[in-house]
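Peer 1: Chain residues, written in single-letter form:
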Amino acid sequence: MTIRNATQKLSYLQAIVEAQREEMRRDERVILMGEDIAVYGAQTLFDEFDEKRLRNTPISENSFVGVGVGAALTGLRPVVDLTIASFCYLASDQIINQAAKLRFMTGAQLAVPLVVRTSTFYNNRTAAQHADRPYPLFMNTPGLKVLAPSTASDAKGLLKSAIRDDDPVVIFEDINLWGKKEEVPTDEDFLVPIGKAAVRREGSDVTIVSIAGCLPHALSAADALAKDEVEAEVIDLRTIAPLDKETILASVAKTGRLIIADNSHKVGSVASEIAAMVSEEGFESLKKPIQRVAAPQVHVPYNAALEKQLFVSKDRIIDAVRAIT
Amino acid sequence: MSLGRVEQLEMFRRMLRIRLFEEALIAHHPVGHLSIGQEGAIVGACMALRNDDYVTGTHRSHGHPIGKGAEIGPLMAEIFGKRTGICKGLGGSMHLTDTKMGLICESAIVGGGFPLATGAGLSAQVRGSDQVSLCFFGDGAVNQGTFSESVNMGAVWKLPVIYFCENNGYAVTTPVAKSHGQPEIARRADGYGIPGVVVDGQDAEAVHAVTLEAVERARAGEGPTLIEAKTYRFDEHSNRLAIPIEYRSKDEIEHYRNERDPITLYRAVLQSRDLLSEIEAIEEEVRKTIDEAVEFAKASPEPEISDLWDSMYVNPIGVPSGDGGR
Ligand SMILES: Cc1ncc(C[n+]2csc(CCOP(=O)(O)OP(=O)(O)O)c2C)c(N)n1
Ligand SMILES: [Mg+2]
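Each protein sequence line maps, in turn, to chains L and G.
To convert a position in the first sequence, counted from 1, into my numbering, add 1.
To convert a position in the second sequence, counted from 1, into my numbering, add 49.
Just so you know, not all the hints are guaranteed correct.
From chain L, some residues computed to sit far from chain G (all C-beta separations above 12 Å) [stated by the list, open to error]:
{"hint": "1", "residue": "D48"}
{"hint": "2", "residue": "L74"}
{"hint": "3", "residue": "R165"}
{"hint": "4", "residue": "D168"}
{"hint": "5", "residue": "K197"}
{"hint": "6", "residue": "S221"}
{"hint": "7", "residue": "T240"}
{"hint": "8", "residue": "K267"}
{"hint": "9", "residue": "S280"}
{"hint": "10", "residue": "K289"}
{"hint": "11", "residue": "H300"}
What follows is a set of in silico ranges between Cβ atoms, one per label pair, in the way DEER data are often shown [said to hold, decoys possible]:
{"hint": "12", "chain 1": "G", "residue 1": "R99", "chain 2": "L", "residue 2": "T45", "range": "33 to 43 Å"}
{"hint": "13", "chain 1": "L", "residue 1": "D190", "chain 2": "G", "residue 2": "G53", "range": "50 to 60 Å"}
{"hint": "14", "chain 1": "G", "residue 1": "G242", "chain 2": "L", "residue 2": "D167", "range": "50 to 60 Å"}
Sample of chain G residues with no beta-carbon within 10 Å of chain L, all distances over it, derived [to be verified]:
{"hint": "15", "residue": "E56"}
{"hint": "16", "residue": "L58"}
{"hint": "17", "residue": "G134"}
{"hint": "18", "residue": "K137"}
{"hint": "19", "residue": "G161"}
{"hint": "20", "residue": "P164"}
{"hint": "21", "residue": "G170"}
{"hint": "22", "residue": "R176"}
{"hint": "23", "residue": "W206"}
{"hint": "24", "residue": "T222"}
{"hint": "25", "residue": "E233"}
{"hint": "26", "residue": "D239"}
{"hint": "27", "residue": "D284"}
{"hint": "28", "residue": "H286"}
{"hint": "29", "residue": "S355"}
What the hints contain is simulated information worked out from the structure, not anything from laboratory work.
Yeah, the Cβ is synthetic: ideal placement off N, Cα and C, and Gly gets one too.
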């Protein structure tokens, strides 16, 4: 029996495992696939489920994602673990040309209830071929839903919503958040809605829209700014596509200032899209130019001290706020 | 199991439907990659499947749904880009996917179907169903990474998949011998530990027999088979494409058209089995079916711009319907 409102202290990574456990128990059509999945997504699930539903795949990213698409078209609800987000490029043909397009191209005869999980491994000394944050590539693809949770509860609730959704969903998990623990609801029907941003802190002077692992930096920047009597409103985007325009525009209408914290490369980033959207639809609210705090157009270096400077930090957010307040 | 009379005539009917469907396209709506010349391979394979078995196909897509027994009108209307088309006019000539017939994708990304067919096989295995999945692909597609990746997964997991190559000798202008280090496609099966079979694709009954054996193997849980059907396309790669070089000789084309036409060959076989009057009735019937399909396609309405948004998601969130949105 589940006790409503009960919680359990879980890390972000454990929350992902629990989400999959609950959905696999609930629905036998749910299967997990990926390379060495015991190491990444499945972990203790091997105690409960067998190899029929936990598929350890060969190193064939494009095809095992496509196998997930084929299984999704024919009655299963696969969760495919692409481990490191830099490997998305190998699988982008099956994600973009097949998963995202098949429903449309068949005149809505088909549905693709597929979840692709992948983790952004930046700030981890893995160098440029393991450190990508390719959210914008998928935000630019109609037909996909793109998620980026930043708390353990959202990691669980969004993944569960994704598994129950009938459209293809790509979830970016942020390894900088893997160890973060919090009380997570245990109710097996605890779902976080796709397409809704969360206001994590209310404020009246500036809006900070935060994507994925930027959240802890945005919140500590807001605390520091409050000491100087600048009240920042922090919005955790949670869903990258479809974009929750209403929440962003309502906040900007209140504050008149917008900072977007996004660890993808600045050119053509999620931050760019949000900035363009607010310029088109919320221009009258703005008192100052929008600021994007994002990674510059250079590759991620191995050297840890250099790597750290590329990504969003409390200080970079504070500097951006100072520039417009 | 050999084919009974009813199935033999049905095989002839479906081959002729492909031929006359595409001849009608040449006359009325000259777009697309034609399967004329390859009907024996396509229909022979499809006749070995059940209605609920899965099929993935290619840019040369017209034959696959017709071979699987699909209704003709919506296929014709699709090529005309009409709203009554099987894909509402959003897919077109390279993508004639009729899911009622078990088709789950006609991929114009060469090699795109391998993973999908393999996934449908995985799905059948996980659900404990005895359905199989048949993947059509060309000789050119064999050189995609997805071939190797997917056939390997099918083999490792003993999935109920039939990898069926319509080897028509060329990928656009490139002959097999100039693009395959080892040009016998069926022999690639060895690399994955599965059986590889070569069959004369101009002999529909021979194709049916080898496919049926592969299907039975798959249903019995013994895993995939690679079938290479040697066939030939009579027309240009695509009839929208002007090709400035002579990459195959006129003699070669004439030889296949005159001596190796799968429909002429099968007609003669059936005639020798005393089925001439039945054949003539089918010829009459198919002509009528195709004429009606052309009329249906011509008379059908165009799709609306709102159909684009309406076909995007099962569960749209914040997506405008109608002609709004950007
Ligand atoms: C990924 C990809 N590369 C290239 C093309 C362009 N193209 C379309 S059909 C074709 C030839 C395919 O040859 P084959 O697999 O033998 O099929 P056939 O056309 O002979 O039926 C090519 C190169 C494509 N559609 N997709
Ligand atoms: Mg070919």
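Peer 1: So, against the hints stated earlier in the document, which numbers end up violated here?
Peer 2: 2, 3, 4, 5, 7, 14, 17, 18, 19, 20, 21, 22 and 23
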